[in-house]
Amino acid sequence: MKLITAVIKPHRWEDVREALETFGVTGMTVSEVSGYGRQKGHTEVYRGAEYDIALVPKIRIEIVVDDADAEDIVGIIVKTAQTGRIGDGKVWTSPVEGVVRVRTGEQDAAAL
Amino acid sequence: MDGYYTWMLISSCLVLMMTTPGLALFYGGMSRSKSVLNMMMMSFSALGVVGIVYALWGWSMTYSSVPWAAADAENPGWEAAKLFASPFDQFGLSDTLPANYVFVAFQLTFAVITAALISGAVADRVKFSSWLVFLPVWVTLSYFPLAHQVWGGGFLSNVEGGLSALTFGVTDGLASVAPIDYAGGTVVHINAGVAGLVLALLIGVRRGFGREPMKPHNLTLTMIGAGLLWFGWFGFNAGSIVFTSTEESEMIAQFTTETGLVWLNTTLATCAAMLGWLLVEKLRDGKGTSLGAASGVVAGLVAITPACGALSPLGSMALGAVAGGLCALAVGLKYRFGYDDSLDVVGVHLVGGLVGTIGIGFLSTTTGLLYGEGLRQLVVQVLVALYAMAWSGVATLVIGLAIKLTIGWRIDHEDEVEGIDFTEHGESAYDLTGGGGARRTGSVLAGAGLPTRPPGQPQAEGEPAGETPEQPSDKPTEKQGASA
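Each protein sequence line maps, in turn, to chains A and B. Take 1 as the starting number for the first sequence in the numbering used here and just add one per residue. Take 1001 as the starting number for the second sequence in the numbering used here and just add one per residue.
Rather than coming from a laboratory, the hints here were simulated on the basis of the structure. Glycine is no exception: its CB is placed at the ideal position from the N, C-alpha and C atoms. Be a bit skeptical, because a hint or two may be false.
Unchecked claim - Residues from chain A shown here face chain B by an in silico Cβ test under 8 Å; the list is partial: (1) Glu44; (2) Val45; (3) Tyr46; (4) Arg47; (5) Gly48; (6) Ala49; (7) Tyr51.
Model the full structure from these sequences, guided by the hints.
The following block contains the structure:
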């Protein structure tokens, strides 16, 4: 099993979710996060005073998936979240040792 | 003139709304999330303190009628010099004519908002107790005297022996050139603006000023506040009519034409000021901002305040555009000179007040320079503005220094970093975590619903049944209801 973590632009989330559902992903964990990458935040001006705002709001998606589906799902996220402009985000995968469904106690693949 | 009294009651309510919640929201949104409650409390407490003080001696100091002509050996010197009226004459509204109560109400709200305006210059760093001490002393030494001098027949009005009369002489017992301040350019805005500047200099900058981000935490609050201020300002300006006749038909005629003009001028100047501010931003920063629009609105309202009865609608637009543009540039001065006028009381109220007060000298349809009426009105307006600045500056400096040297102004630096809302008020404005792990500890209310003795325990001997206040639960008390 793999944990897929994606940090994307907030306004792309609805499209990503739709594409993932179409593919068959049944659930995910989503959080509002902030951070910066190579674009180094942005500037805002208040009454003429300029501020460098380092942290830009992002959406983080976490999904635990079967090894076989991982590559496809990463591909879907990248394709749907892409705008081609700076700040589109990142997607990465990491190995997962075990999963338990809290309600039933089912384990691993059965718990996905 | 029943309609007039109705309008004055409505106007008083409108101006009250300008402070709470209008100004509180306007300032609160611009402050940081850790200090928004303190910012709003400075406006609310201004209403609490100045409201009381105005009824006790404010009205008397401003409008107690000791006319200049009657000044003689029996009258104290301050009255003879037309600086302020007796604080004792109508103390607590004791001898105030009931017919004047509505005017006390209206003027009370002006004193409140003027004091509250100052708070924007000293955001995030002033002890709440020091602010509560400052309020009554400042209105007594700066606001009431200036209000008396401008509106109560004092030194800045058109009376014989006043500033204008001494400059350009007297015609028929009144100054040849009457100073114009319709609704408070000098008394309210120049006064509060100078006080803000003096306090910002005396109290010093916020910790991290110019280095750390101090951007507004909620501009939607600020936009709501600016909208409420605009709405309330119709009471402020259109309620400030002074009748030139006591003949009812003439009063009605004046009321009908003048209030309409004042409403229009107030709105048109404000529209133009908003656009002026946005234009400066677009040219300088590349984008027109919502904070710029809200600020432009207030700058326009400030500038038109003294001028709304003297200008044409076109003149008001010109005045507003200049005020919006100039104030947009003026708010940057604090960074150049290094004083922390946190929410730009100086840049908006002092500069806007000066634009309006002096602009009358150019744009007054009856006496203005641009209408070919010469320089005299302009000179009078400049003199009045300079005098008001000096008065407010000295009064605020004396009070500010006295507080600085005794109880002190600033909260601890650590408290400032942690946030003044928590350290001065023990509260936080926003709960975004559903309680954040908060648990209720013992409080008066928490214990109020509990029986005062364990159930079933027999009553103490000699204690009459059903009459002790501690008697449990047959008759639920208010507190029990509240905690249930």
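Evaluation of the provided hints:
1. Look at Glu44/A: its Cβ gets to within about 7 Å of chain B, closer than 8 Å, so that hint holds up.
2. The beta carbon of Val45/A comes within 5 Å of a beta carbon in chain B, closer than 8 Å, and the hint placing it at the interface holds.
3. Given hint, Tyr46/A at the interface with chain B, holds; its Cβ is 5 Å from that chain's nearest Cβ, closer than 8 Å.
4. A least Cβ separation of about 5 Å between Arg47/A and chain B falls short of the 8 Å threshold, and the interface hint therefore holds.
5. Evaluation of the Gly48/A hint against chain B yields a held restraint, the C-beta minimum of about 5 Å falling below 8 Å.
6. Nearest Cβ of chain B to the Cβ of Ala49/A: about 7 Å, under the 8 Å cut. The hint holds.
7. Look at Tyr51/A: its Cβ gets to within about 5 Å of chain B, closer than 8 Å, so that hint holds up.
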